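Got two chains here, separate frames each, mind docking them using the hints?
Line by line, the protein sequences are chains S and L.
Taking the numbering used here, the leading residue of the first sequence gets 1, the next gets one more, and so forth.
Taking the numbering used here, the leading residue of the second sequence gets 363, the next gets one more, and so forth.
Read the hints as simulated data drawn from the structure, not as lab findings.
Nothing here was measured: the structure is a model prediction, and the numbers come from that model.
Check before you lean on any hint, since a few could be wrong.
Said to hold, decoys possible - Facing chain S, from chain L, some residues (calculated, C-beta under 10 Å): (1) L466; (2) H469; (3) N480; (4) T501; (5) K778; (6) V1352; (7) N1354; (8) E1423; (9) T1425; (10) K1429.
Using N, Cα and C, we set each Cβ at its ideal position, and we do this for glycine too.
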Amino acid sequence: MSEAPRPTTFRVPVSPVDIIRRYWLSLLVLLVVVVFGVQFFRTSFYDKGYAPEQPIAFSHARHAGLNGIDCKYCHFNAERGKHAGVPPMSVCMGCHSTLAGVMANSPEIQKLNEIADKGSYTENGVVHEGGVVHWKRVHNLPDFVYFPHKWHVAAGVACQTCHGPVEEMAVVRQHATLSMGWCLECHRRGNYIGGRSHDPEKPESFSVGTANYDVQRARIAYDDVVRFTERTTAASAGGAHGDTAHGETHTQVSTDDDHSATAPSQQYTTKLLPSSGGLPPHYQEAMKQVVAENPQLKDLPNWRLADLPETHRKIYGELIAQDVDEFKRQYPDKPVTAEQEREFFLRRSFMNSPTQCSTCHQ
Amino acid sequence: MSKHVWSDLAELPRSGATAPSTSQPARAEFGADVAAALADLRSRHGLTTVSSAAEGNTADEIDAIRAELQRGVSGVNRRGLLQLTGAAAVFALAGCWHKDPDTLVPHANQPEGTTTGNAVWYSTTLRSGGRAVAVIAKTYDGRPIKLEGNPDCPLNNGTVADNQGNVARGKLDTRTQASLMDLYDPDRRQTGPGRKQGDALQAIGWDELDATVGAALKQGPVTLITGPIDGPARRQLIDDLKKAFGARLTHAAYDAYAPDAAIAARGLAFGDAHAKPATLRLERASVIVTLGSDLLGGGQTGLPEQIGFGDFRRRIGHGEAATTGQLISFEPTLSQTGALADVRVRCAMGELAIVAWAIADEVAKLIGATLPASARQALDANRGALALKPIASAEHAEGLDPIAYTARQLVAAKGKGLVYVGGATHCGANSVPLHVAANYLNAILGNEGVTIETGSNAASAITPSISATERALTAASGGTLIVVDANPVFSLPMAEAAVKAATTVVVLADRGDETLFAGNDGALLAPTPHGLESWGDAEPRAGVFCLQQPCIQPLWDSRAAEESLMAFAVAAGVAPDAFKAAKPEKAAARVAVCSRAPLWDALAHGVRPWQDYVRSVWLAKVRQGGGDERAFWTAALARGCVGGATAADSAAPAFNDAALAGAAPVAPTAPARFELVLSASRIMRDGAQANNAWLQETSDPVSKATWDNYLAVSTGDWQKLGLPWYAKHTVVTLTVGAAKVKVPVHMQEGQHPGTLELFLGWGRTRAGQIAMPDDTRLRGGIDGVTVNGFALEGAGHQRWGLAADATLEIESYEIANTQSHHHMDGRDVALDDVVELHRKDPKLEARGHHHALWQTGADGREHGRLNLWGHTHIFPGRRWGMVIDMNQCIACQACVVACTVENNVPVVGRDEVRKGREMHWIRIDRYYSGHSRNDKRAEERPGDQGYIEKLDVEVVFQPMLCQHCGHAPCEEVCPATATMRNEEGLNIQVYNRCIGTRYCSNNCPYKVRRFNFYEYSKYRAGPHGSGAPFDRVVGNLVSEGSTSSQAELSQRPLEMVLNPEITVRSKGVMEKCNFCVQRTREVREVEKASGRKHRDGAITTACAQACPTEAIVFGDINDESTRVSRTVAAAPTGYAYLLLDKELNTRPSVAYLRRLRHRPVTAEDVPTPHAAHGPRDAAGTQGFDDEQSSHGEQH
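Just chain L, with the same shape it has in the complex (with noise of 0.2 Å):
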């Protein structure tokens, strides 16, 4: 393995003259003979190269260390240092004069049982890209400061246990996190109704708004588009206005990604009666078989698939089957799905629905079935026209057909397996062929009921629809158009012209959004208050009721949508009695007593409040038995969800051969130059969070991208393109249909060639600040962030294989990727590894590097071991620990958001990414493997596209956080012992100590120190232009002095998102994870008092608490009983490692636990089909316990 120093970088020439070839990593220290077998062996099994060989030694990325080297200080002579140095003297003292009187504002009446600077948790519910995910919000003097997922709720749990029994709980994901800062979003609209004027919003007052919309509401029809409806009061609303305006009303549930060819075709196949979105039981599977869909970032699927996923993978720890938690991926584009495949196919768009029908055709024959004339008709024709790349075994010299391989996983996992189709649902003809022959599959291979099943949705909800929405759209021409919760016009491109031609456009928002201003003038804007501000309630699935309360007082003047649609009603004149304020002179005198705003506004205009018909829908529909009312309704919103007994699975439907007649699949057209395709952003899903900055911020899983969006382009492209291919900050034009954008590319490995991916749900043109950079000199006149992918869908939706081009443009723009960023130097840091070859050769369990972990001898010294540090450090009581399984991690980056929001990360903004000062504490590192356009014979062959095209990629997702050492390079560099160990094991930064000379950084073999360049915190935005350092608003606004009064609040509400436990960094300090001291520090206290020892996992970090799959195990390491210690136990030797350990001798409290792939390595291990749990498997299993107990003896 080539390791470079840093002064060898500079001396390297431009990259593509001779750059660095990954080779095998340096496995000397396990001896030659062990060296040699395992390359041999990697080699005949066709594994190339370990996955971190990738990182740090690419000749580009070579290139950005080099330029960084270079680019130094620019023209400061010593006279200007002089002076510099003595303004900044000046400076500093005038900065430490006496501060502003701080203001300190009490109570009016402290609640009972308060005590200020204690949290109280709340219990409720938020939506997430149209589901409903049951929260606890954490409040601080009644500001809300952290959401985490309310363990009250099945959905948030995992059901699958690990090794050690411990099941996930209370989980959350990426977007419902980060929607904390939705909430104080100074772009929402802070001053009440408007009416659209131009440009700009002209205000009204609520009694105006509901004066014109009543009227309006009077005749003509209503059409009424709303987000995905479920929860019984929601539903109710929705039902009594269909009774109160009759057939003038017509509904639709929107959202983007509503899977429509999906239902079309469960309707097809299993009748009408099944035609409803399935829900996913991942968790009962042990195959999965993705086609063309990603599984975890797909904008179809949310919390609850990440959850069973994670449950799913969970199983590998168990050793239940040789076939067990086997994921196969058959894609175009490397989704986040497909880079945790175990085996992943790479295919063209338009062989995807032949690659499904020939799985169908092979599981057919298997399992002795006929598969329908028709279907095999249209598969005879188009087979021959597939050429995938064969899987490689070492037995078969010319690999294994993936089709063949695949359906006898499948028919080996029978009755236990997923073919799942979600995300491919607009690939146009094709998109009814691929989900019927899932749906053939699922169906004979008795998959449906058990891990895809329609049982349990709920009664509530009403699905979302496009083409239901369009319809919905077309008829309100002419009449009233009410918009609550979507932005049709922003991803719907027919929807600009339905709103032009209704004649009232009512929008209930939280701003003035696309769809507000595609409307003539005099469009009304209703603005609705955010889910942490109001009531509500879900139903998420069948039986799990949620409910939602507000945890803060309304910010703005607002109304809950659902209020609003009442008011409108009651003005109307059509209201039923349930929208009505009950018994006025009972309402009067609560009004009296109880001040607060929207209680009186909605009694003051004889509207029923939305909390009190919420409620009296609960009391009627929700409580079971006639138990007491009030005792209901407070234990309720204590738990937040009540129920959770999840309905009975229903039976089996069975598959209707007729469906077939018109889902044969259609033989891919004559390819266009290049297929596009448009898939949902993997971070910010609809764009409906587009001005989040913490989610802008947050790297794309796969490509590391923050901030913008891109082209992705497969490495076999850029020759067509007429690039060489290190060529970086390239723009091409694209053109699809009449459309013309220019957008940056990023160069996408795994990518099939042929193949452009470009993301929907950016582009935002009226979300704000934030979304929207409003100078457009800074991004070049690039599209760049603008590219809105929605308007480039082709006909009736179709958003995957449109026909496109591409051309260079003159033009560079710099996509801020974080990848490039704290290189770990080539070092072998993400292990993978394959099953089979581990029970394959006993032999090599010597490649586990570390043996023991965490253990010191008696006198806490490490013997045999070379030390630089002068005396090791002991932990006599507890020292706080980690365990990360790489298996379980699906690069989410909830853990990235969470650690964010608990520790007051700031955010830096586009402009300072770029420049590599990111300030996450924690990131998932991205690492490929296998051949990549990295392997120097690529570009030895330049012309051979053959090769290019056989080139793919395995992915390691590795969450990289400090290590916390037990001999930290960073301590025996500072000389401020500004970093130092505590006694229970953290490695702990000392702001106020710190002076920025960031020796700890550099001397950090993690890369996970971050320094404040700026004062991050505290940047307030400015017109651009006016001497701001960053290209856009950035997060975390703290002012100076005080906020006192709601004036001054409604400048920078965003500072009362941070978190009071934690210290806001200023600038020319460094900061990094402190393993949530603050988390600790919390239970530590209550053990004091109480004089118990906490229990383990009481104390957990933001990130572990976070993690849908329960990737990060946290604990004492100390203890043995705890789960962290007990699960780097029971990995199998050499499965947990300590990164960098044994090179270094750093002893870090963090340890890993491999990534390990199941892949076929010898004929054993694709199963007969006549034996579909045969002696194979059960051998399979007892190797490989047996290997962990042995191996625990020997060592």
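In isolation and in its complexed conformation, chain S is listed as follows (with noise of 0.2 Å):
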């Protein structure tokens, strides 16, 4: 009979770095999984902050912000489509286009430009073609979502909530994780819901996109999810639309001594244009003599004939008279014409305004 072996004892290693010394590699992982799935879950899967370089370097700062232009300007079909979509060339071209064009001897409008005349241009080997710009898509929702701009900018919902503060930025971001909670956050306030609010013990209460008009705008008084911007744009600037949309956030209307283009302000309020003076006589002739010669300017939007209102001229008038001081700039030799003047004063109102008057008066 054999005394049985004494059972072997391990000391257990308890000391911190006994357990990194042992369990390292296990370890290693569990860090890089945890990371990973912290970034993953933070960003990626919302893309929350998305920010793509896009081949020209297109600045909102610098549209939006600096030189107040309003989002419906160039993404004109947001108030009538599902899409905001991406402005046609055109709509660069027409304060950018190579005669005389606003910022002619940037790089990236020479850029701009070139694709322009072109017709195509390469990017990283891959030729894109049709003489636009191939943008890189940054807010993409999935398939199975829908997602009307439309019924959102008519209830008054600003670009920003959404988007956030584009007229900020010099690369756009993904502001929102546009996620569904994130839909939910709105639409549960019951702020959109047609007729009947929701109530959360009574999920069959909830319910989007039936909404009145009316309704939407009763309550927008006591929204606290929306922040409804104070919107001054370059076409309401005179004060002469008298529109009141916008219920109780009537805007304070800036006076035409407020000409410095500064940075935007915290409250997304734009800044206007300086405008002086009316339209010209031999433009409001000019545009008479051309709609008569072109019958079928008559079926254009009435905004763009002759019956524009006093403050629109004056937009116009100031911005004729920008095209002129950067024709003498560029060809300080040459005269400017009745012709050269009559010239920038059709690009202005006829060829660069793919708006329409909803656009501003909103």
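Right, dumping it as structure tokens:
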């Protein structure tokens, strides 16, 4: 009968160093998983903060912020259709055309003009055709989401509510998660639910999209979710628009003295373009003449015709004066003929605005 | 009624041992006395069973289920499972990682008035089977994504209003719906003209093509083969070409189903002036008799006939007269028309001419005419050979003679009847006698000029003719052969030699087809654009002018066929001025501002653009008076269709008795072992759209087979073939003359014993990847899809009644048949009835399942109904619903294709269909009733050939889609709440919530849910054996990433067909009909903006929109004023019913109207010749209406 062997005792490693020494590989894997996991859920899943590099370094801060161009001047599709739409190349070229274009010396604008002229460009070895910029999509909703911009714009939701302070972004990025919960943040409040509020106790009371316009308008007053911006756009600056669609959030009308183009303020107010004087008579004549020569212009939206209100004429006058200045700066030797001025006028008034009245007058 | 639960099914013995019987349906719920009375009455009148009993109860179908149940998961152990799970998790994470940057490509100049994301509709015209159909094309960012019928074209609209005063508007047929996929077909020629070099095409330029053809055209005979020609501009072009080439040019219009015999017979009967194809006016008919012809799927008819048939059937609802709406079919095979017939009489192919003349004889007796002597002689000699099954009738023990019965019906509907012999145009020696008999009948009955007429034939039409094509092809020997929009080598056996004999062959087609590759090396291909990419015109009926305009820029390097012809004439130096570019300096200026390639090409070569040619011909010929050109043209383009005043009917031509001399029926020859019938495929027609996956996956209306050709064999012939009757997946060798093909067999009920049916239109070898799988291994060496029936034609293009033999093969081949999928578990869902029975016995009203449809109490609850659900859904505003009239449904499958297009329903391919995984959201179930092979007695008396030959069936077609139940069984079992009810009554499927448990599908009694087993929509075709799960290229190809360049696009153009308004579903997600929620939503937005409620009918689903016969009506069922509600309210009690609502309390939103048949029940139902519209008819009408109103009071 042999004695049973004594059980071997082991010293249990207790010190952190020992733990690390023994399980370093597992810990490393765990750490990597955790770090990647957090990163993954924070950013990648919802793409929040996604800011791809665009083929043209387009700065919303400069256009919407510094110059105070209304969002819907370019994204005019937002109030008409499902998509906000990428502006057609003609909108870019309206200001940045080769001749006397705004910022014509900027390398990015030169790139833009080159794309328009050549009809295609190459990026990373891929040929992009069509003479347009192939932008990288920033906001991408899943296929199963039906999101019409039109109704949100009509309901008075500011662009910035979902897209963030775009007018401060040099490189545009995704501001919100665009997740379903994020959508419900608004829709659960009842502000955009037709006829009745959502009662959390009664799930069936939840509905989306059957809102009645008046109900929405009435509720805007106590909306604490949507931050309605005080928008003073260039076109509404004269104060003659008489539009009370904003309800209680009436805008302080700026004066003509406010010529300084400053950085965008925190309240998302945009600045006025400088304006002075009315539309000169020879511009009005030119406009009438053009309409007489081209009867098809009658089919164009009314705002493009000669019966624009005084405020608009002021603005166009200013824009044309800018064009004249720019022309003089670029071509100091050439005289500015009446034809040349008329050209500027037509470009500003007829060719460069795909918008409708409601673009500015919401 | 025997019902089986799933566990029972698995325990059942092998089929053949004790096949469960079809028996009377469970009528217990109506009370024993009523059930007994019903059973008694039905048996007395020779009606055996009720339709749906056959479904789900048959032994072989139980076999299929058992096999499915036992298939299970093969050999995965625990360790393997863990490995798979881990791998799946890793891949799932990988899939979630940051997406590839997507590209947004803006417009350069956004067209004025367009809004990104809003669809634009264009009106245009397409050709299907050689016939023009006016369509409106929905384009989304420049891509056509959906076609609908143009409601401004009278041929797309019905004329007979239903009892709600509505007529069908803007309808579209199956093949034209599907032609959208042809536009994006990647197998079209993409790289410009080609020259045949062996088995490939060598690319050449347009200049070289024009020069080569022009040189060849300078001398020698020129043969031009086109499809059917109509339309002022197209006709003008042909006339101009004839002028340019003079006598050197031989032109023939070709169609594989050209009605040569019918035209010849009309010439004999009515003189040469009437030797034209007849226009059928089914909407005016009260009695239609078809003789061996498929009126609806037979290749010679199209959308106008389908719409006309809907109008014809619609009169049943009006109770216009007792004889109204009766369809009597004599036929050897079960055709789509026969399936819809009120009285269907089987006869052998050879008997048809004798049947026709026997009817003529009876009719002549009844109206006091004399049958011409020659016909009488031939008839007397052969009448004895007729052995038709009598029509069962309670008052006549021996039944009614079908010929006498038919004659009496025809006489009763004198002037409103129609005898149709369209499809059986190639039945050998009896072709012309058959047609002459039909002409004779129509003439003496006064139908000629009313229901069948030639007065509305378009003046610009050139009728297709097979014999003219043969003559033209023969004339091409040693000369130039130009083939446009036709493929004679595929469908005309003699064409191959003729093409080889021609010195120069030019094929104008969208791909290198059989005709091109039959030519010698050097044959030329001039690629043509799709109809949606090009200009053109049409005149489908006299006075109806349709304009075709492009809705998309040509995707590939192509040129309109007409422009090519003009360019060839210019290159040959024979072109008239009309072909040359007018005012070159002006043209050059246009080129400078308009960089569109087609225009550029034409002008650069001094050829007038085809667009310009069409415009000038229209301004000269179609524009009435001297109005503003621009205004006329703009209006014509916008409307798509000019005119519409139907031409006055021609006076009824006199029948020329001399015609009868050569038209006596020939006695049936001593029957061969089998008689082969080659009929037009009901879906594929002539195979022109063979590369269309949507069509390939659409079930045949009668057999429910997809993707394959098959040989239909009568149930009585199984013993002849030496098979047990339940045998499946059988293959036979079919011998016709010297030809032998191996072909899979489908057992077809209702087919005359000794008759075999094979479908034409299959067997394309050069159509593309979808038409022709390139791996014969996958077909197991069976010809299957590759059987080209045209090659089996007899002398003189005999297609009907060919002597044939069939011998059994050892191989087996599974036809991808959808009939056994989606069992209704033998539940009684498809109800039919006999109108006369209903009239006879008012008590039978109790057969009605449900008296109050869609009604709830004031508190929103149903009273007195057992309810498993805790609460009843309340629909405070609208509740969408549907009524489906099974009388109107002709099973044309237009709804199936329309749904597929509208909802991005993927195509799954043949192999997946075999597994029951087809994804169609709507299907048309086909039920047999009456005696059938499933009758137990057939098996008990295996040797009783006489009994088997008496077997016959009645057919009910039932469109089946999600019923949007008020108490949906699917909703209750979904663990993820992925399927739920919305407040407009839709049972909606939330794809991103779905986790793929498939519980909902198991619990759905209607079997309408579909599961994505694979990423069907993203499936990319690879070479076979490269890991692709399916046996062929499938439809909607969606790529990863984005499409931003033409080069990328060429790889996968099919994704452009997707409707952006609806999700493309991914793997593991359940999907189903959503009542086209995107369409309802679109109109709702307009409502929201305008503040006005939509007009009833403004919102409709894709299926209801397409349905040519208006069998489907969609609308708000909460509103009593809508058409859908009124249709149900107006139906006689018990005739509208909700599927399984009484049994399961599902409260569906879809109501069905019973299939009604006119059957002679008593002697009264057979009209007496002297009182054609006598008191009996009036009483019948009265009774029908009275019952309606009295029931209304009772309930």
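A quick look at each hint next to the structure:
no.: 1; hint: L466; result: holds (5 Å)
no.: 2; hint: H469; result: holds (4 Å)
no.: 3; hint: N480; result: holds (5 Å)
no.: 4; hint: T501; result: violated (15 Å)
no.: 5; hint: K778; result: violated (50 Å)
no.: 6; hint: V1352; result: holds (8 Å)
no.: 7; hint: N1354; result: holds (5 Å)
no.: 8; hint: E1423; result: holds (8 Å)
no.: 9; hint: T1425; result: holds (4 Å)
no.: 10; hint: K1429; result: violated (14 Å)
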